[in-house]
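**Student:** Given only the sequences and the hints, what does the whole structure look like? Please build it.
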Amino acid sequence: MLLNCVAYENGVKLADLAVEDISDYLERPDCFVWVALRDTTDTELDKMQEEFGLHDLAVEDARHGHQRPKIEEYGDTLFVAMHLVEVGHPDLEVGEVNIFAGRNFILSVRNRSSRSLLGVRARCEREPDLLRLGSGFVLYALMDAVVDLYFPVIDDLESQLESIEEHLFDKGAALTNIAQLYELKRKSVVLKHAVMPLMEATGKLHGGRVPMVCVTTQDYFRDVYDHLTRINAAIDAMRDTITTAILVSQSTVSIEQNVINKRLAAWAAIFAIATVFTGIWGMNFRLMPELQWDYGYPVALMIIIAVCGYLYLHFKRSDWL
Amino acid sequence: MLLNCVAYENGVKLADLAVEDISDYLERPDCFVWVALRDTTDTELDKMQEEFGLHDLAVEDARHGHQRPKIEEYGDTLFVAMHLVEVGHPDLEVGEVNIFAGRNFILSVRNRSSRSLLGVRARCEREPDLLRLGSGFVLYALMDAVVDLYFPVIDDLESQLESIEEHLFDKGAALTNIAQLYELKRKSVVLKHAVMPLMEATGKLHGGRVPMVCVTTQDYFRDVYDHLTRINAAIDAMRDTITTAILVSQSTVSIEQNVINKRLAAWAAIFAIATVFTGIWGMNFRLMPELQWDYGYPVALMIIIAVCGYLYLHFKRSDWL
Amino acid sequence: MLLNCVAYENGVKLADLAVEDISDYLERPDCFVWVALRDTTDTELDKMQEEFGLHDLAVEDARHGHQRPKIEEYGDTLFVAMHLVEVGHPDLEVGEVNIFAGRNFILSVRNRSSRSLLGVRARCEREPDLLRLGSGFVLYALMDAVVDLYFPVIDDLESQLESIEEHLFDKGAALTNIAQLYELKRKSVVLKHAVMPLMEATGKLHGGRVPMVCVTTQDYFRDVYDHLTRINAAIDAMRDTITTAILVSQSTVSIEQNVINKRLAAWAAIFAIATVFTGIWGMNFRLMPELQWDYGYPVALMIIIAVCGYLYLHFKRSDWL
Amino acid sequence: MLLNCVAYENGVKLADLAVEDISDYLERPDCFVWVALRDTTDTELDKMQEEFGLHDLAVEDARHGHQRPKIEEYGDTLFVAMHLVEVGHPDLEVGEVNIFAGRNFILSVRNRSSRSLLGVRARCEREPDLLRLGSGFVLYALMDAVVDLYFPVIDDLESQLESIEEHLFDKGAALTNIAQLYELKRKSVVLKHAVMPLMEATGKLHGGRVPMVCVTTQDYFRDVYDHLTRINAAIDAMRDTITTAILVSQSTVSIEQNVINKRLAAWAAIFAIATVFTGIWGMNFRLMPELQWDYGYPVALMIIIAVCGYLYLHFKRSDWL
Amino acid sequence: MLLNCVAYENGVKLADLAVEDISDYLERPDCFVWVALRDTTDTELDKMQEEFGLHDLAVEDARHGHQRPKIEEYGDTLFVAMHLVEVGHPDLEVGEVNIFAGRNFILSVRNRSSRSLLGVRARCEREPDLLRLGSGFVLYALMDAVVDLYFPVIDDLESQLESIEEHLFDKGAALTNIAQLYELKRKSVVLKHAVMPLMEATGKLHGGRVPMVCVTTQDYFRDVYDHLTRINAAIDAMRDTITTAILVSQSTVSIEQNVINKRLAAWAAIFAIATVFTGIWGMNFRLMPELQWDYGYPVALMIIIAVCGYLYLHFKRSDWL
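Protein chains in written order, with numbering that gives the first Met the number 0: chain A, 0 to 320; chain Y, 0 to 320; chain B, 0 to 320; chain Z, 0 to 320; chain R, 0 to 320.
Honestly, the hints are just simulated from the structure, not real lab data. For every residue, glycine included, the Cβ atom is placed at its ideal position computed from N, Cα and C. Hints are supplied without guarantee of correctness; some may be wrong.
Covered stretches of chain Y, going by a simulated chain Z footprint (3 or more residues, C-beta under 8 Å) [to be verified]:
| id | stretch |
| --- | --- |
| 1 | 44-50 |
| 2 | 164-177 |
| 3 | 218-230 |
| 4 | 251-257 |
| 5 | 260-266 |
**Tutor:** Encoded structure:
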């Protein structure tokens, strides 16, 4: 579905274009065309390929989707594939943004995501000084917008982790904790797969040899790279913490088991001693003088209670009960 | 076994050749020969070595098979060894495809696999524009076909993993889960060994210094490389998840044990208290007034039942039963 | 909040400046300006950007804070972001120092930290020979001061680790140990995130191509790099040890459980045998001669005590009790 | 002990030499000398050093043995240290082969291994075309022979691993499995230490700058490198699998424990309920009507058996017994 | 404390110098000065800095000590910091050797270690041919001496590990083993920190661009590097083995627990069945014919003994007892 198709000159909007007119405008110097598509059909993409002269393989990638984030050069044209990641329930929602960036055009294709990037165009049009930098700046603005969406996701994951950590040593919470940590780890994998390959690819857009489109806006791409590095480091730290937290949860289970076993042992001992006493006085020997005493029974009860009570206190003191 | 032996000129099929005529055609400019073998005998390979002038070491590798995936240059000729991996039961089935690619010839040898690559030739012949690019494009088409076969394998492994994950926290499922996870990890190792070395080798077919055969088709090899990177990342993520899942399974075992131990302890306590009571009233003291009461027995039973019932509820409430 | 704004010439203080006069002094050769801010407002930063001609993106970073430590070149100007880490209770306290270093100026901005860096200025002014080296030396002095603050932090963490290690094999201490180790690991992550990115960035300030500001003071930056390397290695060692210590703690839990289970088993056996004996002599067979003996009862008691005593000694000897 | 000392010209054996004549032959162009020693004495080595003009440090290394595998250049001479690894019982047997390779000589020294490398000389003499390539080819042939010996070792370790895997989930096999896995891991370390450093060193004998001795035989050394890479990857995979297998073995222990605990709990419950019943009817209340019934006793027994039987079936059904 | 201060010319000792004369001798061509200090005071170091013209930062490092091993160039002068590690009880003893190496001087400072390096000077003076190579060779000789001291340390750690391994599967040895393994791991960290940074730094003293001092003695420094690589690999292998051994120890604990639990269960069953039998015959039913039989009692005892004996044998056979 076509969202916009606009020509710009000197950082100022020139005209909304029909798709057929694109190639005309591309021939005008100092003019560049910015087209935004969404959930494209094959015919739309074919049309765009024809107008902009895009490479088969890049169009193929945009068509199939499910690409790993990457930045590829086809002659003068850059093909950028990015993941749009958003907090969803229960899983993260992952869409895609594919961008073709040539000397005098930008074609962005958004797939399987409801998150609009319209704000980027509005922001660019408000800053003609920067928009004058051409397609390189628009590419930056789009990438920056996509990357900025990763921050709330990592924040969400981190706050989930923190809320698990608060209950990490709670009694009986191990199973829930471990299940949640496992879920969190899976989400972090999804985010990691959006961030790390993009980070590596973006690292090649500043310093050293840089694709022509990005030459004048290197500092901006370094900024994007820097953001991605930050997010990537946060993910790594989180994953490390999750692993440790699972390990710690396992430990709490074992420790809890020790506590249970101790209590089991203590109560078993108390009841067993009482059973032995009643057993003794239940024996049928002819001559058991205490059985004949008037106060034999209450004394026996008191002895049993005293011994059990002593044991109880003993275990209490040594923290087995 | 010889499958095909065809000469092409300008992207169009020229003739089916006899093996003896190959060297003649190799001398014609603008002409290239594409030979496909399967489960070769030594004599076939010797013949081919003679016709194409292949290097001893490369032929040796093709003969012995069981190579690590690799791409080696012998002068102008490339030797490519790849694994053909397919979903099998119970294990993955691994065959081999060895390709010799020279300036004007392609010799592919498929071993120990029933998966035909005939479709590649058909597809190439339908696109004379691309086939005109020569042996470099055919090499790409063959590699692409082999790599495309990895996708269903990783998909299969991933869906197996997902089905295990659904039962990850099921009671008593730990042993089955762990056995399946172990099996899955082994399969991922097999796939990893097919993918990673090939990925590393393919990385050298685009950018920087590139073997002559591949110069005009660099973008295509980058595409193959990109696919391999994607599969490799998916394998790594899966392996990481498997390890975590085994860890988590271990935890569920310990947690289940806690549950069992608690129930054991609770029932032991209930029975033990009942035993103590019956023991007391089974003692043989002369003077135990309650024994003489008319309602002594039913009252005693009710006391026992009451105490046990209270304990039962108590344990129920504290989730030990 | 403006802390200082001073112009220096030939390593000697020239004058305290008003913010408006900065640009005048920047035009004088051999003169450089050193401004220190703290918890800046937006207007202050805007003013500074104007006076020093700073890059939008760098100012943006300084404004938002929460940067990953980094060193970025914007033309001739370096932007350095560092974390100020201090021992706090219960968590580490993390502030930020951002420095803009140009050919003839230094602008430092300290945020969210009460730790003053005034001492750096005093020290520099006491050593005119070094201060004469210009903004490169001041940058070094500031970085050195920030890095020196990491040493007490790592020392504190290490001594905490040592005190945990002393109790590592204490009975019943596992839960406390593990909780403390987990806390320690989290702190080490915070410190690691301050140190490692800064180390990597500082590594580019000596040897090879070096930013102009740092050329004459390379040896000094190598010294800072060396300190960071040392701290980083210490953190890595500590993290490794923590992981092992958690593993070891888990083991102590299991071992303790074995001890408990053995005692449980031993006592259960002793009481059970006594119960069996009393059960036997409590049976109601008509003809049980020992029941009629005069000394039957005391002999029976002695037998029971003897058997239990023997078992007790047996278990004691085999270390089950 | 001197094994052989032969001069070759144009790939053909010229003469068996006395040690004293070596230096004479070294002066003849197109001629090269191949000396093989075994478990050398100091005087032999000194003599060789004199004849071939070897570097002190290299001779020192050959004398002391226990070197890490490595390839070092001393001027025009290469010094190659390799481990000879063979399957032994119970441990792997590790010997050493040190080779000095100059422009026109090869000196090989085998220490602490009974495995003869004579076959290499025979094979080389059968192929004068290749032997004509000179000392570089002989060096390759020797390295190839040593590396080929690693394959049966890794095969042996892998088949041991497989036989352990077959019993991985056997009941009660955990201790044996873990002990064997531990042993296997130790052996893999020994093999790894033979293979990895050699692989890294061999990687420098082809492509890029190559020692003069190896220039004409680069393709052959790449072949050796390729073999080493394959073995190295196999070792890494095995080590990874071993670690997972130990983890899995640990899990089986815990799971088995759950099974035992369940059975313990089930039987305890059955006996405990029987004990309670007998305890009740063993009480001494004056008025317990069922005790007076004619069929009281058999009915009581039947009740006890019925209840225990019900419990037994119940536990059987829920898989606790 | 000054240990020696000697001038050499052409590899031969010229004279013992007073500290004040050093600078005079430094001006003579072909002459070099070798000074050895121990546990220096500040004034000594200041004096040396003056005589040799050392860099502030290097002197600062030597003064403060506790450096990470490193090699730094200050102009023509190298500053080398190394750790002297020796086997101690219970911990490793770590001292420091700092060396300043200039074109025509060597200044070595040993701190916090009683291990004398005098032997190095003696050995050098015995080999004037090598000593003629100048300060580069002396630097090598000192580094070699320090590195040679690491071998007995790693040997000691390895033999400790082996002695633990012998008891790895001993019953009840887990706690001791784990405590010792933990201790061993800590020591390996100390050694690692001495070896790895030094190895990395030494790797830059041969091949590629090499500091002027070391140019003529590159082969020697490669030898030192080689030793360090060997030690480093041994440490890594040991650490890996330690981790596995801890894991294995944990497993033995769990397995032992299974054994204990089985015995507990078996004995509990035997006693419980006996208790049930005595309970039955202790019931007070009026009509229990067997109670009236003459041989009722001995038959009952025999039944109990028979049943318990059968169970005992049963458990014995199935290895529970």
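**Student:** Examine the stretch 251-257 of chain Y for residues whose CB is less than 8 Å from any CB of chain Z, and state whether their number is three or more.
**Tutor:** Answer holds; 4 residues pass the 8 Å Cβ test.
**Student:** Just to make sure I understand the rule, a stretch counts as covered if three or more of its residues have a C-beta closer than 8 Å to a C-beta of the chain. Does the stretch 218-230 of chain Y meet that for chain Z?
**Tutor:** This one is violated; 0 residues, fewer than the three required, reach chain Z with a Cβ under 8 Å.
**Student:** Examine the stretch 164-177 of chain Y: at least three residues should have C-beta closer than 8 Å to a C-beta of chain Z.
**Tutor:** holds (count 4)
**Student:** Under a C-beta cut-off of less than 8 Å, do 3 or more residues of the stretch 260-266 of chain Y approach chain Z closely enough to confirm the stated coverage?
**Tutor:** With 4 residues in contact (Cβ-Cβ under 8 Å with chain Z), the coverage given for the stretch 260-266 of chain Y holds.
**Student:** Are there three or more residues in the stretch 44-50 of chain Y whose C-beta lies closer than 8 Å to some C-beta of chain Z?
**Tutor:** With 0 residues in contact (Cβ-Cβ under 8 Å with chain Z), the coverage given for the stretch 44-50 of chain Y is violated.
Against the hints set out earlier in the document, violations occur for numbers 1 and 3.
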